[in-house]
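Colleague: Protein sequences appear in the order of chains A and B.
Just so you know, we're using the working numbering here: the first sequence kicks off at 1 and counts up by one.
Just so you know, we're using the working numbering here: the second sequence kicks off at 1 and counts up by one.
Be careful, since some hints might not be right.
Calculated pairs, DSS-like style, for lysine-lysine (alpha carbon to alpha carbon, straight line, at most 27 Å) [to be verified]: (1) A:K70 to A:K113; (2) A:K109 to B:K100; (3) A:K55 to A:K70; (4) A:K73 to A:K55; (5) B:K100 to A:K78; (6) A:K55 to B:K100; (7) B:K100 to A:K73; (8) A:K109 to A:K73; (9) A:K55 to A:K78; (10) A:K70 to B:K100; (11) A:K78 to A:K109.
Ranges of calculated distance between the beta carbons of each label pair, as one might list FRET restraints [said to hold, decoys possible]: (12) B:A9 to A:L47: 18 to 24 Å; (13) A:I111 to B:A39: 19 to 25 Å; (14) A:E52 to B:H5: 26 to 32 Å; (15) A:E52 to B:S57: 21 to 27 Å; (16) B:Q73 to A:L47: 20 to 26 Å; (17) B:P69 to A:Q69: 40 to 46 Å; (18) A:N99 to B:Q73: 31 to 37 Å; (19) B:S84 to A:N67: 36 to 42 Å.
So, partial list: chain A residues that the calculated Cβ filter (under 7 Å) puts toward chain B [stated by the list, open to error]: (20) N30; (21) P40; (22) P41; (23) R43; (24) M45; (25) F64; (26) I95; (27) L102; (28) W104.
If you're looking for bench data, these hints aren't it; they were derived computationally from the structure.
Yeah, the Cβ is synthetic: ideal placement off N, Cα and C, and Gly gets one too.
Residues per chain, in single letters:
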Amino acid sequence: AQTVTQSQPEMSVQEAETVTLSCTYDTSENNYYLFWYKQPPSRQMILVIRQEAYKQQNATENRFSVNFQKAAKSFSLKISDSQLGDTAMYFCAFISDSNYQLIWGAGTKLIIKP
Amino acid sequence: SQTIHQWPATLVQPVGSPLSLECTVEGTSNPNLYWYRQAAGRGLQLLFYSVGIGQISSEVPQNLSASRPQDRQFILSSKKLLLSDSGFYLCAWQTQGNEKLFFGSGTQLSVL
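Bound-form chain B, shown alone (with noise of 0.2 Å):
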């Protein structure tokens, strides 16, 4: 079966420090892949998305990027975090073709 995991769950970071998230996916090949970010009550923001190695598509400028180095590895980075950066940051894939989306556990960044 399918799993995605999702790390760290809880992450606090200084004004200007660098940030790593990753997503890995089992048990699937070729997924897409997706980052969103949901501020405390509200909705999804999605911020990339990904339907193969190498190729990454932002929906919203800003200070954050992705990476997919490998075919179910999924990494949001920023060289300089600002306070605006600090969120609920969700990875999810998909199976191409399918429409049902799955999510991560999540990670709770909060940028002080």
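Bound conformation, chain A alone (with noise of 0.2 Å):
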């Protein structure tokens, strides 16, 4: 079956320092994307930033990049500069090609402190 763990229940750092946040992932599958989700207190879910499997190079936005190591199953999230507005819930999560649906992971609670 198929799996995604985020370790992190809560994080806070304060205001422009780097953060990154853990998720790993348990799958049979060769052929698969991942994602970080972004929750707001607004609670509208934002997509963050993608990842496609069989891409070596790790995907960037703006102040937001992951590291993906797909041997080791480990897809983290790091925040450059982080800002207030950074503060959120933020959910890991993986789709295969083989079945379009989403594992999600038990999220993140990332406070920005001032």
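Both chains are sitting in their own frames, so use the hints and assemble them into the complex.
Modeller: Written as structure tokens, this is what we have:
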């Protein structure tokens, strides 16, 4: 069975610091996609970044980047120069080519302190 | 561009009353549609998904049902709400064959 694990229920950092959120997954598939979604207090679910498993290069979106380690089945999210608006729940998610249904992690609550 | 509308934003209902939450998507055809539920501070639980009109798959046996009367309309219903049906409900859509999922703004349901 495919699973996604986020081992950090909550994290907090000072504004402008860099923070890394962890995610590991388990699958026997070879072609899949990984996502990080952000859910701010408004509860709107927002796609932050996406990684294709067949690409070795780590995805980057402005201050957000990932460290994708396919052999280790690890997919961490790095937020650089963190801002107060980054305060949110962050969910890691997995989807395979054979079944377009997202498998979700339990989430990490990130608090950015002023 | 594609947009997704979900309403109402909040709903307070007594136990035993019926429920109807509606979700519509604009700007795309034949999307995959999803209903998720999220308990406070928790992850998402897939309730139903649909790959076409009248085609509904249920992931979790429960007091809820879903229908897709039109291509871009997805409805979540209940005949009699239970206290345990309280939660945050999210509708989502996905282009068939594409992995990205886009979410509505959600409905906070409180059953009292």
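Colleague: Now tell me if each hint is right for this structure.
Modeller: Evaluated hints:
Distance check on the hinted pair: A:K70 and A:K113 sit about 32 Å apart at the alpha-carbon level, beyond 27 Å; violated. Straight-line distance between C-alpha atoms of A:K109 and B:K100 comes to about 23 Å, which keeps the hinted pair within the 27 Å bound. A hinted pair counts as satisfied when its Cα atoms are at most 27 Å apart, and A:K55 with A:K70 qualifies at roughly 10 Å. This hinted pair checks out: A:K73 and A:K55 have alpha carbons roughly 14 Å apart, not beyond 27 Å.
Taking the CA atoms of B:K100 and A:K78, the gap is near 21 Å; set against the 27 Å cutoff, the hint holds. With a C-alpha separation of about 17 Å, the suggested pair A:K55 and B:K100 falls inside the 27 Å cut-off, and the hint holds. Straight-line distance between C-alpha atoms of B:K100 and A:K73 comes to about 20 Å, which keeps the hinted pair within the 27 Å bound. Between the alpha carbons of A:K109 and A:K73 the distance comes to roughly 22 Å, so the proposed pair stays at or under 27 Å and holds.
A hinted pair counts as satisfied when its Cα atoms are at most 27 Å apart, and A:K55 with A:K78 qualifies at roughly 18 Å. Annotation: proposed proximity of A:K70 to B:K100 holds, straight-line Cα distance about 20 Å (limit 27 Å). A C-alpha spacing of about 14 Å is found between A:K78 and A:K109, which places the hinted pair at or below 27 Å, so the restraint holds. In this structure, B:A9 and A:L47 meet the distance hint of 18 to 24 Å, their C-beta atoms being roughly 21 Å apart.
The hinted window of 19 to 25 Å between A:I111 and B:A39 holds, with their beta carbons roughly 20 Å apart. At about 30 Å, the CB distance of A:E52 to B:H5 agrees with the hint of 26 to 32 Å. Checking the proposed 21 to 27 Å range against A:E52 and B:S57 shows it holds: the Cβ atoms sit about 26 Å from each other. Evaluation of the 20 to 26 Å hint for B:Q73 and A:L47 yields a pass: the beta carbon distance comes to about 23 Å.
The beta-carbon spacing between B:P69 and A:Q69, approximately 45 Å, falls within the hinted interval of 40 to 46 Å. In this structure the hint that A:N99 and B:Q73 lie 31 to 37 Å apart at CB is violated, the actual value being about 24 Å. The beta-carbon spacing between B:S84 and A:N67, approximately 39 Å, falls within the hinted interval of 36 to 42 Å. Annotation: A:N30 was flagged as interfacial toward chain B, and the flag is violated, the nearest CB pair being 15 Å apart, outside 7 Å.
Because the closest C-beta pair between A:P40 and chain B is about 12 Å apart, greater than 7 Å, the hint is violated. Checking A:P41 against chain B by beta carbon gives a least distance of about 12 Å; that is not within 7 Å, so the hint is violated. For A:R43, the suggested interface contact is upheld, since its CB lies about 5 Å from the closest CB of chain B, less than 7 Å. This hint holds: A:M45 has a C-beta 4 Å from the nearest C-beta of chain B, less than the 7 Å allowed.
Below 7 Å, beta-carbon pairs count as interface contacts, and A:F64 has none with chain B, the closest being about 16 Å; its hint is therefore violated. Checking A:I95 against chain B: minimum C-beta separation of about 5 Å stays under 7 Å; hint holds. Interface restraint check for A:L102: the shortest CB-CB distance to chain B comes to about 6 Å, inside 7 Å, so the restraint holds. Given the 7 Å rule on beta carbons, the hint for A:W104 holds: about 5 Å separates it from the nearest Cβ of chain B.
The structure is inconsistent with the numbered hints 1, 18, 20, 21, 22 and 25, although it conforms to all the rest.
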